[in-house]
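For the sequence shown, position 96 (counting from the first letter as 1) is numbered 128 according to this note's numbering, and the numbering increases by one without interruption.
No wet-lab data here; the hints were simulated from the structure. Bear in mind that the values here come from a model prediction, so they are computed numbers and not experimental data. Ideal placement from N, C-alpha and C gives every residue a C-beta, glycine not left out. Be aware that a few hints might be false.
Unchecked claim - Label pairs and their in silico Cβ distance ranges:
id	residue 1	residue 2	range
1	Leu52	Thr183	36 to 42 Å
2	Pro157	Pro83	18 to 24 Å
3	Gly207	Gly88	15 to 21 Å
4	Ala151	Met179	20 to 26 Å
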Amino acid sequence: LLPPIAFLADARRAGLMPALTEALMLQVINDAARWRAEGMSFRVAMNWAPPELVGGNLLPKLFAAIEASGLPPDSVLVEVTEDSFLADPERARMVLHELRAHGVEVSIDDYGSGFSSLAYLRDLPVQELKMDRAFVAPVANDERSRMIVQTTTQMARALGLRFVAEGVEDAVAVGELVPLGVDVLQGYHIARPMPADAVGPWVRHWTEVHLASRLA
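Make a model of the complete structure from these sequences and hints.
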């Protein structure tokens, strides 16, 4: 598996990003529908870069794919970065409102790494904040990072937002983050990237292990 940084710049230069984003979007919907048919009802997320977010071509295809798949719209999450609101803030605002009007959830990815305006948390229909790994990774050893994560968690809860910690790499970080009230942990300590066919067996194994630990 290639990390996105290994090929996205080339895809952008070649003018392939719109086609790549659409292909991956359809793959996400198909995989999510298959997992749900197998009894797994977790939320699936996809990243949209600013040009694709504000371009206007993806939304009708996303809504049509969700309807055709039979997925609940709120089981799909679109992750957008803070710079999505800098190039064309009005268009970005319209897109986010349209996503929510169709029941699709929205997440602010890499929160804290860029503009971090509180205005869009107040005004935009987002349901999730993903704290950038730059603050999450050192939380066990850096008091300032810990305080930033803790206060952001409190703010997210007050706003009714789900709070995700990115870059959780070990059990030490889990032990620090869970007491702070983080809702979702994301990182290599939870699972590494895997092919779609491996997700089902991994979820079943994870569920069995954690159920057994609770009953022990």
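Outcome of the hint check:
1. Look at Leu52 against Thr183: about 37 Å separates their beta carbons, and that is inside 36 to 42 Å.
2. As the Cβ distance of Pro157 to Pro83 is approximately 21 Å, the hint placing it in 18 to 24 Å holds.
3. Checking the proposed 15 to 21 Å range against Gly207 and Gly88 shows it is violated: the Cβ atoms sit about 45 Å from each other.
4. For the hinted restraint 20 to 26 Å between Ala151 and Met179, the CB-CB distance of approximately 23 Å keeps it satisfied.
Consistency with the previously given hints fails for number 3 only.
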